Amino acid sequence: IDWSQLEAKFGAFPKLPDGTKAGAVSKTLTNEYWRSLGEGYKSFGDRVAVPVVYQAAQSEGDQLGQLTIAEGLVTQ
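Going by my numbering, 9 is the number at position 9 of the sequence shown; the sequence numbering is gapless.
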């Protein structure tokens, strides 16, 4: 199944409880792919009325930075 067929097959995305937030961590924002992915996350968040925080480490090899960001998002 293609992603564009999900809603037709499974129905609309359910309404989430008030106060629901989402976060995502990327390798870096220096690459167009990762920036585009973040825009997609935020666009979907707007569609389902959920704020999305999208952050990235300084570089693709900065695994500790990625982990630190993820841990920070979990505590929010």
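No lab work stands behind these hints, which were simulated from the structure alone. A quick note: this is a predicted structure, and the numbers were derived from the prediction, not measured. It cannot be assumed that every hint is accurate.
[Said to hold, decoys possible] For each label pair, taking beta carbons as the anchor points, the in silico distance ranges come out as:
1) 72 to 9: 11 to 21 Å
2) 67 to 9: 16 to 26 Å
3) 60 to 17: 28 to 38 Å
4) 71 to 34: 11 to 21 Å
5) 75 to 8: 33 to 43 Å
[As the list claims (entries may be wrong)] No more than 25 Å apart at the CA atoms, straight line, and that leaves these computed lysine-lysine pairs for BS3-like:
6) 15 to 42
7) 42 to 9
8) 9 to 27
9) 27 to 42
We put the CB at the ideal spot given by N, CA and C, even for glycine.
Tested hints:
Restraint check, residue 72 to residue 9: a C-beta distance of roughly 36 Å breaks the suggested window 11 to 21 Å. For residue 67 paired with residue 9, a C-beta distance near 35 Å fails the hint of 16 to 26 Å. Restraint check, residue 60 to residue 17: a C-beta distance of roughly 35 Å satisfies the suggested window 28 to 38 Å. A beta carbon spacing of about 19 Å between residue 71 and residue 34 agrees with the range 11 to 21 Å that was offered as a hint.
The hinted range of 33 to 43 Å is satisfied by residue 75 and residue 8, whose Cβ atoms lie roughly 37 Å apart. For the hint linking residue 15 to residue 42, the alpha-carbon distance of about 17 Å falls within 25 Å, and the restraint holds. Between residue 42 and residue 9 the CA atoms are separated by roughly 23 Å; this keeps the pair inside 25 Å, and the hint holds. A distance of roughly 32 Å separates the Cα atoms of residue 9 and residue 27; the hinted pair therefore is violated under the 25 Å criterion.
Distance hint between residue 27 and residue 42 is fulfilled; the C-alpha atoms sit about 17 Å from each other, no more than 25 Å.
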